[in-house]
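Protein chains in written order, with the working numbering: chain R, 1 to 315; chain V, 1 to 315; chain D, 1 to 315; chain B, 1 to 315; chain L, 1 to 315; chain G, 1 to 315.
For the record, the hints were derived by calculation from the structure and aren't laboratory data. In this text the structure is predicted, and so the values were computed from the model without any measurement. Keep in mind that a hint or two might mislead.
Note: identical chains are not told apart, hence a pair may lie in one copy or across any two.
Derived pair list, reagent style EDC-like, types lysine to aspartate or glutamate, alpha-carbon separation capped at 16 Å [unchecked claim]:
#1 K2 to D282
#2 K174 to D58
#3 K24 to D9
#4 K206 to D292
#5 K212 to D302
#6 K296 to D46
#7 K251 to D273
#8 K296 to E259
#9 K112 to D9
#10 K251 to D302
#11 K122 to E170
#12 K48 to D11
#13 K82 to D11
#14 K112 to D282
#15 K212 to D292
#16 K277 to E259
#17 K212 to E259
#18 K139 to E57
#19 K113 to D123
#20 K212 to E236
#21 K24 to D51
Protein chains: 6
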Amino acid sequence: MKSISELVDGDHLTAQFLVNGVTKGVTTASRTYLTVNFQDASGTMDGKKWDIASGDEDLFVPGNIVQVEVEVISYKNSLQMKILSGSPLSQENIDFTRFVPSSPIPKAELEKKLNAYVASLKDPDLHKLIDYLVKLHYKDLLDYPAAVRNHHNFASGLLYHSLSMADDAEALCKLYPSLNRDILVAGCLIHDIGKTVELSGPVATKYTLEGKLLGHISIMQAEVREAAHSLKIEGEIPVIMEHMVLSHHNKTVFGSAVEPETREALALAMIDDFDAKMNILDKAYAGVKPGDWTQKVFAFDDRYFYLPLYTDKKD
Amino acid sequence: MKSISELVDGDHLTAQFLVNGVTKGVTTASRTYLTVNFQDASGTMDGKKWDIASGDEDLFVPGNIVQVEVEVISYKNSLQMKILSGSPLSQENIDFTRFVPSSPIPKAELEKKLNAYVASLKDPDLHKLIDYLVKLHYKDLLDYPAAVRNHHNFASGLLYHSLSMADDAEALCKLYPSLNRDILVAGCLIHDIGKTVELSGPVATKYTLEGKLLGHISIMQAEVREAAHSLKIEGEIPVIMEHMVLSHHNKTVFGSAVEPETREALALAMIDDFDAKMNILDKAYAGVKPGDWTQKVFAFDDRYFYLPLYTDKKD
Amino acid sequence: MKSISELVDGDHLTAQFLVNGVTKGVTTASRTYLTVNFQDASGTMDGKKWDIASGDEDLFVPGNIVQVEVEVISYKNSLQMKILSGSPLSQENIDFTRFVPSSPIPKAELEKKLNAYVASLKDPDLHKLIDYLVKLHYKDLLDYPAAVRNHHNFASGLLYHSLSMADDAEALCKLYPSLNRDILVAGCLIHDIGKTVELSGPVATKYTLEGKLLGHISIMQAEVREAAHSLKIEGEIPVIMEHMVLSHHNKTVFGSAVEPETREALALAMIDDFDAKMNILDKAYAGVKPGDWTQKVFAFDDRYFYLPLYTDKKD
Amino acid sequence: MKSISELVDGDHLTAQFLVNGVTKGVTTASRTYLTVNFQDASGTMDGKKWDIASGDEDLFVPGNIVQVEVEVISYKNSLQMKILSGSPLSQENIDFTRFVPSSPIPKAELEKKLNAYVASLKDPDLHKLIDYLVKLHYKDLLDYPAAVRNHHNFASGLLYHSLSMADDAEALCKLYPSLNRDILVAGCLIHDIGKTVELSGPVATKYTLEGKLLGHISIMQAEVREAAHSLKIEGEIPVIMEHMVLSHHNKTVFGSAVEPETREALALAMIDDFDAKMNILDKAYAGVKPGDWTQKVFAFDDRYFYLPLYTDKKD
Amino acid sequence: MKSISELVDGDHLTAQFLVNGVTKGVTTASRTYLTVNFQDASGTMDGKKWDIASGDEDLFVPGNIVQVEVEVISYKNSLQMKILSGSPLSQENIDFTRFVPSSPIPKAELEKKLNAYVASLKDPDLHKLIDYLVKLHYKDLLDYPAAVRNHHNFASGLLYHSLSMADDAEALCKLYPSLNRDILVAGCLIHDIGKTVELSGPVATKYTLEGKLLGHISIMQAEVREAAHSLKIEGEIPVIMEHMVLSHHNKTVFGSAVEPETREALALAMIDDFDAKMNILDKAYAGVKPGDWTQKVFAFDDRYFYLPLYTDKKD
Amino acid sequence: MKSISELVDGDHLTAQFLVNGVTKGVTTASRTYLTVNFQDASGTMDGKKWDIASGDEDLFVPGNIVQVEVEVISYKNSLQMKILSGSPLSQENIDFTRFVPSSPIPKAELEKKLNAYVASLKDPDLHKLIDYLVKLHYKDLLDYPAAVRNHHNFASGLLYHSLSMADDAEALCKLYPSLNRDILVAGCLIHDIGKTVELSGPVATKYTLEGKLLGHISIMQAEVREAAHSLKIEGEIPVIMEHMVLSHHNKTVFGSAVEPETREALALAMIDDFDAKMNILDKAYAGVKPGDWTQKVFAFDDRYFYLPLYTDKKD
């Protein structure tokens with residue numbers, strides 16, 4: 001069965017999709033219709049249900065997985081589905097990973113790497129604290145995306161991003177020996193775990209009430225502080241880790257509560273930025289041919305990026 | 001005995017002062033001397049010890065209270081002391097309030113008002129939470145200033161400021177009935193309690209390590225969160241109070257972690273700003289005569305303020 | 001008869017509305033049609049006249065009050081009217097207050113309160129000046145809204161806002177005795193009167209040429225200055241009042257010509273901001289249920305506001 | 001007799017200067033002394049009176065013209081006077097122009113040019129309005145500087161600057177025929193007349209109370225408005241001229257009350273900026289040799305300017 | 001034959017246009033159609049081809065000149081064409097100037113003026129350098145527009161703008177004798193020549209790859225530097241000219257690589273800005289009647305401009 | 001012999017130093033004296049020559065290396081020299097590296113590494129271009145610092161920084177395979193070579209005229225362009241390298257001429273920033289003990305940095 005990214009103008013198919021969003025419209029001839037945003041692991045596409053059947057409004061609800069018969073057409077240079085009919089699917093026993101983009105590295109491999117990194121932390125307080133926090137959110141940390149939209153927005157994206165940063169940290173600590181490797185790696189592992197409270201989950205990801213009112217940075221700093229109290233860890237380590245969480249967006253204009261005031265806090269913020277930007281470019285360049293330009297990229301002030309011809313010759 | 005604010009050019013006196021700060025200098029003739037910043041409840045003044053006696057460097061140490069014989073002279077339009085001699089005082093049994101500016105309202109009265117406000121909160125969760133937080137920091141909350149320098153920088157200034165805001169809140173809730181009085185008053189009472197961790201204390205106030213690396217806003221939000229967990233309070237109240245703490249500087253450029261997203265959070269931030277600004281003007285206008293201008297006021301982008309002639313006619 | 005805010009999908013009715021605006025469109029089938037924005041005291045709604053009858057383009061003109069037969073339908077989650085037919089109404093003897101949102105407090109009551117505030121000003125120059133300015137614009141001051149769109153945009157909104165600020169001023173002067181009550185109240189009463197020149201009137205409010213080229217702040221300062229010359233008032237009072245008018249948007253980035261340089265000018269600007277923001281939130285929260293969020297609020301940088309569950313329990 | 005700009009290290013002279021400012025200091029040996037800033041038409045220089053004679057504090061008062069015997073010495077790469085003695089001079093019958101830098105073009109010539117420009121305005125309302133405003137401030141307009149410090153800060157500098165702008169306007173109107181010459185020239189003539197109220201006068205120039213609280217832009221717009229009322233001029237001309245006054249600093253961040261919304265208002269603001277900047281560079285380049293750099297120039301964000309070698313070859 | 005700017009609602013005509021751009025759409029009835037942007041020397045207009053004929057997608061390609069039969073209709077207050085049919089035209093021997101807006105001054109006249117200005121430069125190095133650079137891009141300099149969209153976007157617009165600035169320079173150098181006329185005129189002539197590399201050409205103008213990655217400022221500075229090396233010109237002249245090119249957008253926020261640090265560099269940037277702004281207003285005011293306002297003008301932060309009534313009386 | 005960094009209060013010594021800067025002062029007793037800033041490879045210190053001997057003003061000239069007899073004293077918490085006498089040294093045959101801080105890695109090793117990196121570039125055009133540019137500035141590239149003050153301001157600092165970045169590039173390309181290693185390494189090697197024109201040299205480093213008027217970014221882009229023309233390299237490689245040079249300060253507010261529009265240009269800018277920041281912290285932390293704070297760091301908006309206690313435990 002074709003995935004969304006494989007569809008072409010003229011396709012006619014029956015398939016199963018996750019409903020991402022729905023809006024209701026009226027034609028100039030005063031007929032009501034539905035615009036449904038469908039998703040599978042390969043991408044998303046809008047569909048139009050011109051004649052609303054009874055039951056359609058209960059069927060096409062965000063978060064539902066539905067079975068539909070559709071035709072694919074081209075509209076204003078984009079593909080769109082004409083929905084011929086839709087029917088409900090039992091939501092149980094459905095493998096959600098079919099409908100959510102997944103990590104380029106298998107979850108099991110990410111999990112193994114995570115545990116190895118935690119085990120590598122030598123300072124007893126640091127190890128105890130990080131181990132506690134990782135275990136506290138273990139399941140969600142393995143499943144959550146790193147963002148609703150911006151970067152690493154796929155299942156396990158949060159963990160993928162954290163480990164990719166830990167890899168950067170290891171490589172750079174070899175080149176800059178004044179950086180403390182364990183502190184920096186620990187920061188990479190936990191800096192974004194607050195997102196498991198800020199976001200609703202890996203499917204049809206939304207901000208939670210706590211996410212909107214507090215933000216993942218404040219949530220996580222409070223968790224580090226409370227963990228240290230529970231574990232009776234005193235001294236500088238918890239304060240340093242709280243500081244790294246609070247400052248990991250670098251400038252306050254980018255969302256930090258305070259700006260980095262230790263070498264490792266600064267390095268953490270810069271590595272986070274580098275890894276996020278590389279992933280944003282992966283997404284922006286997807287489907288672009290050497291010699292062409294991306295669409296406007298929001299994270300770069302709507303700048304366009306060029307894919308040089310030398311990209312071809314790399315292998 | 002004259003206080004610092006009463007000294008005039010030509011005075012010669014023996015007195016007791018708090019040492020606020022010390023620096024060492026060298027004259028053009030290569031002699032070393034000390035510049036000592038003295039403080040009492042009425043203000044501060046610099047003194048010069050031109051001939052350093054043995055023991056002087058151990059005596060003039062920030063935080064010490066010392067006995068000195070001085071002459072007051074005028075230098076570059078400011079008064080300055082010439083220190084003739086100094087001697088140590090036993091630091092025990094000294095009444096610190098003689099050396100630190102004090103609140104315009106007696107501490108006992110502030111304490112009573114605080115307890116009345118806490119008692120007035122009707123929602124059981126809200127009352128339990130605020131009562132717990134106030135009691136947790138009770139002693140410091142009664143003694144701390146609201147800032148190192150900016151506003152309400154006197155003993156009990158933190159409480160004075162919090163209660164003054166609560167008074168504003170009460171008055172405005174009568175005029176804007178859509179404001180929730182209890183939530184807003186609760187916010188006024190606890191919003192700045194994190195300063196008892198951020199600052200070192202009421203005498204020779206400095207930022208602590210936690211204060212610098214985390215800031216009072218993040219410290220207090222974490223405390224509210226941990227308190228709610230300890231007290232097993234669920235539902236919205238703790239999240240709302242955390243949000244009010246995090247957003248009480250209004251814009252993130254002024255230090256908020258998130259910007260106000262409820263009516264009461266917005267009102268809290270605006271009341272905090274109003275009360276702080278009125279106190280800053282009290283300080284700026286101190287000693288200015290009607291028809292004259294203040295010095296540059298840092299909190300107002302170095303603007304000068306005018307004291308109108310009508311000020312005279314008020315009573 | 002149902003008001004606009006009471007209409008629901010499927011209604012069919014004959015009613016009278018104010019025409020707020022009109023645009024002409026063309027369907028994909030190349031037929032021309034009209035989009036008419038209708039208004040009554042309860043709100044506004046778009047209507048579509050698909051078949052343009054002769055006379056329709058003269059009938060549907062902004063500022064006209066018309067009689068129409070319409071059907072209400074739902075389009076893209078909003079209601080919309082299908083205009084079946086329209087006919088002219090004599091514009092005379094129509095009670096305009098039926099078509100413009102009105103003040104929550106009756107105009108007569110506002111007028112009485114205004115006169116009491118003016119009468120309460122004790123300084124003879126101040127009283128004479130304020131009395132003159134209020135009388136000069138008396139009729140418009142009673143009728144005008146405070147803005148085209150932003151806040152207090154209802155009939156008598158200008159006066160409602162000015163008096164609400166005067167109430168705030170009275171309450172705060174009791175808590176901050178260093179504030180001069182008469183100067184501050186006077187500032188509240190006149191600060192926005194320039195809007196009676198800046199805006200076209202209470203119905204179908206627009207900016208005038210003077211409004212666009214000069215702005216209400218500059219217009220009013222010039223009026224205060226000219227009034228003082230006419231009344232031969234010398235000394236500081238007129239300059240102080242001009243300064244308060246010029247600085248009542250606080251920062252120049254928000255439209256002040258100069259920034260506040262007296263305590264009362266600062267307080268005026270902060271009270272203006274507080275009262276405007278509370279009114280903006282009233283509008284944003286209108287129709288929102290506890291536990292839900294508002295739409296993006298333009299005046300708060302497109303932030304959303306949350307209506308907490310405790311809102312329910314207030315009464 | 002040497003002027004201040006002609007003094008060199010080692011000079012010993014008796015001369016008459018204007019006292020610009022005075023501060024009192026104390027040496028490390030606890031002796032008091034005075035620092036007096038002297039001025040004549042050629043520039044300013046600081047002097048030190050190490051031994052204060054009786055009467056010195058009454059003599060060296062800003063605004064006084066005094067006779068002094070001084071020695072010139074070099075201190076930190078600048079020249080400075082050692083004041084040996086000073087004596088009072090009768091302030092009457094002193095020609096102030098000896099002590100204030102003067103315009104490069106004689107005042108009489110400027111006056112003639114001003115009258116010619118006023119006479120050249122053809123629209124009757126425009127002519128009447130400008131003629132009235134110029135006559136209202138005639139004496140001060142001939143004498144005042146254009147600023148305390150920034151640009152054209154010499155006697156008649158205000159008029160010099162206004163006429164220089166009128167010349168620019170004439171030249172550019174020939175190249176851009178869509179510009180209205182009379183409106184633009186009128187704007188050049190009156191845009192800064194408010195400075196005669198904002199500033200204290202041509203000698204020892206300071207801001208007045210009205211200047212600080214209102215600013216010359218608001219003062220002048222109010223005057224244009226009041227003049228139009230007095231002269232019973234209706235229609236657009238006064239509003240347009242008020243707009244040009246209010247917008248002549250272009251962006252509001254540079255002090256405009258509104259931003260230019262007519263072609264002539266925009267041209268006025270750009271010509272004002274050009275003429276001011278050229279004058280600021282004249283001052284910055286004064287005394288700089290080709291191949292060298294100026295000091296930091298405040299008006300250009302503390303940038304340095306280079307004087308190219310080709311400057312030499314110009315004649 | 002009517003030009004695009006002369007068309008009115010209801011016209012039916014056969015004409016030749018340049019295709020500026022094309023997008024494909026789908027009606028609510030799922031039919032595909034084309035939106036074609038047509039251009040001639042007088043302006044641009046959108047057309048709709050509702051029924052796509054075979055060959056239409058090859059015919060309506062940006063850069064093509066086509067023959068079409070169209071009807072003109074009004075849609076949302078703008079005119080639009082309904083394309084009845086289209087046919088190809090041989091692209092050879094077509095006079096492109098019929099399809100591109102042209103300079104108000106004939107190209108031959110501009111060319112003569114250019115050569116006169118180059119010939120007027122007296123310093124041998126300066127003359128040699130400018131002559132070389134002008135000749136290097138001679139043909140393009142005569143044909144290119146000054147911009148894709150912003151200002152002087154017509155054939156020969158680049159040269160028209162450069163010479164208009166040279167005229168300003170001559171006029172202002174007479175009024176400000178400290179300006180070096182030859183340096184400033186030379187700067188006017190070459191400052192924008194980099195646009196002949198940055199832009200694709202006078203028809204259907206686009207940014208080139210070099211244009212996007214480097215920008216005309218950097219391109220031109222490199223050309224000046226390379227030219228000086230080729231011509232073996234040493235000393236300051238080339239560096240000064242490079243500096244003028246690099247700084248001609250004045251502030252770095254407006255695109256300068258460095259900010260002006262010579263008098264002539266500053267004057268060049270200010271003249272460039274003035275000439276561009278006057279041209280932008282010409283475009284904004286086109287078609288506006290005295291007493292009316294322009295559309296929002298992008299270059300002025302979306303401000304509207306007013307066309308005063310006095311505009312009528314100018315002649 | 002003690003180096004500057006080893007001096008303590010009370011030292012009396014004869015030594016050779018580089019003169020970094022000189023200013024002339026006058027004591028309150030009107031005696032002239034010299035303040036001389038001395039430098040050796042270990043640091044800098046001010047000295048005072050209270051009695052100016054004949055010849056002193058020719059001796060103490062920036063760039064000279066002199067022999068002096070001095071006493072070290074403490075003044076305002078800093079050490080300072082009292083210069084007893086000075087005498088000239090033949091400037092020939094002096095080993096300048098004794099007076100300039102040197103690279104932590106020997107120059108010979110850096111040179112070997114540079115050549116290896118150049119040799120590793122596989123694309124023929126890229127290799128030819130980089131090889132040409134490196135050879136063109138070979139000697140200076142081995143000797144120059146990376147900045148006057150900011151970061152890597154030691155002999156060979158430019159090369160040290162470029163190679164450190166190349167190391168980062170290699171490490172990160174392994175973790176992010178979509179990055180083109182050769183293009184990125186090439187960018188690291190040449191991005192800052194323009195500093196060999198912008199700065200005066202490794203001793204008493206200053207900005208050159210070209211440096212101030214053009215900046216190293218523009219200078220280097222022009223060199224890349226000219227080199228490509230000389231070497232007749234066509235296609236994308238030179239444009240891409242020019243783009244990387246122009247954009248290597250990332251945002252234009254930080255000095256880029258254009259902002260990065262390829263993945264490698266973005267990575268180059270971020271690596272440059274990371275390496276510079278790590279070096280700035282090395283300098284800021286120099287001499288700070290674990291548990292203490294640095295001075296204000298200019299490059300971090302005057303923030304202070306904390307050196308955590310865990311720094312102790314690293315080895």
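Right, here's what the structure says about each hint:
| no. | hint | verdict |
| --- | --- | --- |
| 1 | K2 to D282 | neither (23 Å within a copy, 50 Å between copies) |
| 2 | K174 to D58 | neither (57 Å within a copy, 45 Å between copies) |
| 3 | K24 to D9 | between (24 Å within a copy, 13 Å between copies) |
| 4 | K206 to D292 | between (33 Å within a copy, 14 Å between copies) |
| 5 | K212 to D302 | between (25 Å within a copy, 14 Å between copies) |
| 6 | K296 to D46 | neither (20 Å within a copy, 24 Å between copies) |
| 7 | K251 to D273 | both (11 Å within a copy, 14 Å between copies) |
| 8 | K296 to E259 | between (29 Å within a copy, 14 Å between copies) |
| 9 | K112 to D9 | neither (42 Å within a copy, 56 Å between copies) |
| 10 | K251 to D302 | between (20 Å within a copy, 13 Å between copies) |
| 11 | K122 to E170 | within (14 Å within a copy, 28 Å between copies) |
| 12 | K48 to D11 | within (15 Å within a copy, 26 Å between copies) |
| 13 | K82 to D11 | within (10 Å within a copy, 30 Å between copies) |
| 14 | K112 to D282 | neither (25 Å within a copy, 35 Å between copies) |
| 15 | K212 to D292 | between (38 Å within a copy, 12 Å between copies) |
| 16 | K277 to E259 | between (20 Å within a copy, 14 Å between copies) |
| 17 | K212 to E259 | between (21 Å within a copy, 10 Å between copies) |
| 18 | K139 to E57 | neither (33 Å within a copy, 53 Å between copies) |
| 19 | K113 to D123 | neither (19 Å within a copy, 36 Å between copies) |
| 20 | K212 to E236 | between (30 Å within a copy, 13 Å between copies) |
| 21 | K24 to D51 | within (12 Å within a copy, 24 Å between copies) |
Taken one by one, the earlier hints fail for this structure at numbers 1, 2, 6, 9, 14, 18 and 19, listed in ascending order.
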